[in-house]
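Read off the chains here:
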Amino acid sequence: MAKRIEASNVSSYYGSFKAIDNVSMTVEPKTITALIGPSGCGKSTFLRSINRMHEVLPNARIEGRLTIDDQNIYDPDVDITAVRRMIGMVFQRPNPFPTMSIYENAVAGLKLNGVKKKSLLDDAAEKSLRSANLWDEVKDRLDRPGAGLSGGQQQRLCIARTIAVEPQVVLMDEPCSALDPISTLAIEDLMFKLKDRFTIIIVTHNMQQAARVSDKTGFFSIDKTGEPGRLIEYADTQKIFSNPSQKKTEDYITGRFG
Amino acid sequence: MSLVDREMPQVVMTPDNIRSRRFPLVANLLVAVVAFAVSAVVVLTTGIGNWVLVIVLGGVLYLAGLNFAAGRVEGKRAARNRMWQAAIHTACLLAVLPLASVIWTLISKGAGRLDGDFFGTSMANIGARDANGGAYHAIVGTLEQVGIATLFAVPLGVLGAIYLVEYGRGRFAGTIRFFVDVMTGIPSIVAGLFVLSFWVLVVSKWFNDGNPEYSGFAASLALTVLMLPTIVRSTEEMLRLVPGPLREGSYALGVPQWKTILKIVLPTAAPGIVTGVMLAVARAAGETAPVLLVAGGLARINFDPFSGGQASLALYVYQQAADASKFAPARAWTAALTLVALVLILTIAAKLLARRNKLTR
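Protein sequences, first through last, are from chains A and B.
Quick note: the first sequence uses the UniProt record's numbering, first residue 1, plus one each step.
Quick note: the second sequence uses the UniProt record's numbering, first residue 1, plus one each step.
Think of the hints as simulated: they come from the structure by calculation, not from any bench.
You can trust all of the hints, since none of them are fake.
Below, a sample of chain A positions facing chain B; criterion: calculated Cβ distance under 8 Å:
#, residue
1, Val56
2, Pro58
3, Thr81
4, Asn95
5, Phe97
Beta carbons: idealized from backbone N, C-alpha and C, even for Gly.
Work the whole structure out from these sequences, hints included.
Next comes the structure, spelled out in structure tokens:
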């Protein structure tokens, strides 16, 4: 199911402001790729352009090619909702739907996309909550509001919601930055488990996290504020953290940045 | 001189001392009593005013005295805090006072005619010497006119707000928002005149053999014009409060925008939207001028909003208050009480309805 993502010469703009410049990288299926770099370097922008989420903002546009298994997702005849179903996303802050119960949150994607059969929804809810390592904690209170869970549980609920629609790629935008270390560990464990089924791309500020979970790492940086972000180095995580080929990368991961 | 030294010269505050003396409640009350006593003596002996001035001057003296007295004991900062607290509580009290007064007046004067006659009969064949007579026809009129107006204004207003928040970009949306704001300021009599000239004098002729005709429906149209901007603006504010990440969370599941709005954004904003709608309903239910202009009022019961004049509670209050009968004022008060109760009941019902969909916490 998991698919290959290929970006070639991707530049992203907000109006006349160029946020990222000329990024090219290939993400293999069933791997975890971490994107690291200082704030404002465009790694989130790049991540959001992979499922066309950046288009939520007016005047946002993109140049270059972004393909998922050789289909350009920016072709004019591409259905944006189909792209987003194929490429799910988990956000920085847990955002369960406040009017929905835990159960409804878990199957929200299916329900809103027209699945009505109760037995199907029940199976999907249990399966996705189990995959998100949340089932045992919530199985007795599925009808309670999703917003009543703890932060870490909410984030796992959001992951369950994302994988319930069976995407091929899961994007994670700093999924642990609002969580405590134990919840973070729970989500990292989860990512290892999900790697068997999905291609995962994660943006993180936590370099240990990147080193722990990812197979490959991309380092983004900017020269100064107002300049577009660039992909400085993209290589195996092992190599980035032990023997980076770029001076900037080394400075950043050893904490001598800026 | 450090900031701390300058602010608290009287209070001994060293790094070892985080305590200060407190101004006791008894002293606080004492200041109040003295302030009002002084105020009463000054005002009443010199004869420059009556008890209203006593209270106003007493309040000012109290605040000043409190600031001064507490300042001696607690220090400047604590005293200023105490004075502003007292000022805010006073302002709060002053704001609630008229409301309490209105409710008290309505109940004490309106309770007299709360009987079966009032809710069961109209004013048909009631003369100046008849003690009975009721507002049944007016209650029917209000419910029908406001009901129809709500049926028009809520869908239009909510859809308009959705356009402004979710789809509207650029100059067109800005223009619409500006004109909605302008509409908010339209006096109700102007809305009534508009419907009079457009509907009653022109359109209603087509349905009535060429003769213009009053109707409750015309009143509904005028009320719609009045309700629309309130609903658009309040719904717009509520929709803007729905966090963007919720929408993005839904888009990320491959849910199209219209479904996201329908199933995620609207339910999240529902309680606030209901509040806005109820404000508009309450305003419409209290409008007199447009009903007078386009429905004309009628003493007997008319269930048909599309033909013939119709009364409404607000109009009934207006007519009874000016009526040359000693029994009329009582009817006016009871009608006013009924109107307030009606709006209150509708508001509570709507709030309960909006909350029912919410999950139990």
